[in-house]
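Student: My numbering numbers the first residue of the sequence shown as 1 and each following residue consecutively.
I should point out that these hints are in silico values taken from the structure, not numbers from a laboratory.
Where is the CB? At the ideal position from N, CA and C, for every residue including glycine.
Treat the hints with caution; some may be incorrect.
Quick list of in silico lysine-lysine cross-link-like pairs, DSSO-like style, CA-CA up to 27 Å [stated by the list, open to error]: (1) K182 with K197; (2) K182 with K220; (3) K134 with K220; (4) K182 with K154; (5) K194 with K220; (6) K214 with K182; (7) K214 with K154; (8) K194 with K154; (9) K154 with K109; (10) K214 with K194; (11) K197 with K214; (12) K220 with K197; (13) K134 with K194; (14) K220 with K154.
Computed Cβ-Cβ distance ranges for the label pairs, DEER-style [what the hints assert, rightly or not]: (15) Q28 with P161: 35 to 43 Å; (16) K182 with N43: 31 to 39 Å; (17) R185 with E30: 39 to 47 Å; (18) I198 with T52: 26 to 34 Å; (19) I204 with D138: 34 to 42 Å; (20) K197 with I9: 28 to 36 Å; (21) P8 with G150: 31 to 39 Å; (22) S23 with G188: 42 to 50 Å; (23) G75 with I198: 17 to 25 Å.
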Amino acid sequence: MNEPAEEPISQTLEEALEKYSISMEGYQIEMLRDYCELLWQWNQRMNLTRHTDYDRFVSRDLVDTLELADLIDTGLEVLDFGTGGGVPGVPLAIIRPDLQVSLCESVGKKASAVDDMVQKIGLPVPVMNVRVEKLLEDLNYDVLVCRAVGPLWKLGLWLEPHWHLFGQLLAIKGPSWTEERKEARHRGYMQNVKLRKIHSYPMIGTESESHILKLWSAMKEEPPHVE
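With the sequences and hints as input, model every part of the structure.
Tutor: Set out below in structure tokens:
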């Protein structure tokens, strides 16, 4: 029996969007394409992403961002911390122009690279070279978002004194999130934090699922999310 032929790699962003049944406005496609090209150019100088073709960008970075975007209410102030190469914050700002998105990244070279990208694509998104815990001493946000920044115990460590200063954290996690939660509890970083898994979806190309976790201060009522 012959093996089924592998689907050819998408040569354009439009091909990849069609392959994964994603529709967008023309200006959003143009901005995302420009972002990809700039990201991959910078990636030749420093390690910003492993998703260096349109299929991987769409099936991982864009799908994650779209799933996250569906859970955030209209018009909120959102901070993507530890943004690295700009995901999910940059595509989130393109997909959801109603949101006030900011990015922070503690590694200076990465922050400079992302700032160059958002300026060149004309995206009104501030990029701050600062650690999230330092930023939260001065600024408040409705929603914090993160992906691939660190295990839950590290998020708890960084945010421990600041949970009352923002509404909620939405964290994109893989299938090992329950083990991460157990370790965070064991280390004592979940004592004043509530956590709920609010969404799961297939991780394209694998048999695993991605999960979006909502975390918030135990001193507050559970903040709403879009169902």
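Student: Each hint should be assessed against the structure and marked as holding or not.
Tutor: Taking the hints in turn, this is what the structure says about them:
1. At most 27 Å may separate the alpha-carbon atoms for a hinted pair to count; K182 and K197 meet this at roughly 14 Å.
2. At most 27 Å may separate the alpha-carbon atoms for a hinted pair to count; K182 and K220 meet this at roughly 22 Å.
3. Pair hint K134 plus K220 holds up; C-alpha atoms about 22 Å apart against a cutoff of 27 Å.
4. The hinted pair formed by K182 and K154 meets the criterion: a straight-line CA distance of about 13 Å does not exceed 27 Å.
5. Pair hint K194 plus K220 holds up; C-alpha atoms about 9 Å apart against a cutoff of 27 Å.
6. Taken as a hint, the K214 and K182 pair is honoured in the structure, with Cα atoms around 16 Å apart against an allowance of 27 Å.
7. Annotation: proposed proximity of K214 to K154 holds, straight-line Cα distance about 16 Å (limit 27 Å).
8. Proximity of K194 to K154 is assessed by CA-CA distance (about 16 Å); at most 27 Å being required, the pair is judged to hold.
9. With a CA separation close to 22 Å, the supplied pair K154 and K109 stays within the 27 Å bound.
10. For the hint linking K214 to K194, the alpha-carbon distance of about 8 Å falls within 27 Å, and the restraint holds.
11. At most 27 Å may separate the alpha-carbon atoms for a hinted pair to count; K197 and K214 meet this at roughly 6 Å.
12. In summary, the hint linking K220 to K197 is supported, as the alpha carbons are separated by about 18 Å, within the 27 Å threshold.
13. Simply put, K134 and K194 have alpha-carbon atoms about 22 Å apart, close enough for the 27 Å limit, and the pair holds.
14. With a CA separation close to 22 Å, the supplied pair K220 and K154 stays within the 27 Å bound.
15. Taking the beta carbon of each, Q28 and P161 are about 37 Å apart, inside 35 to 43 Å as hinted.
16. A C-beta distance of roughly 34 Å is found between K182 and N43, which places it inside the suggested range of 31 to 39 Å.
17. For R185 paired with E30, a C-beta distance near 45 Å keeps the hint of 39 to 47 Å intact.
18. Taking 26 to 34 Å as the suggested C-beta distance range, the pair I198 and T52 conforms, at roughly 31 Å.
19. Taking the beta carbon of each, I204 and D138 are about 39 Å apart, inside 34 to 42 Å as hinted.
20. Restraint check, K197 to I9: a C-beta distance of roughly 33 Å satisfies the suggested window 28 to 36 Å.
21. As the Cβ distance of P8 to G150 is approximately 36 Å, the hint placing it in 31 to 39 Å holds.
22. Separated by about 46 Å at the C-beta atoms, S23 and G188 satisfy the suggested range of 42 to 50 Å.
23. Taken as a hint, the range 17 to 25 Å holds for the pair G75 and I198, whose Cβ atoms sit roughly 20 Å apart.
Consistency with the previously given hints is maintained throughout, with no hint failing.
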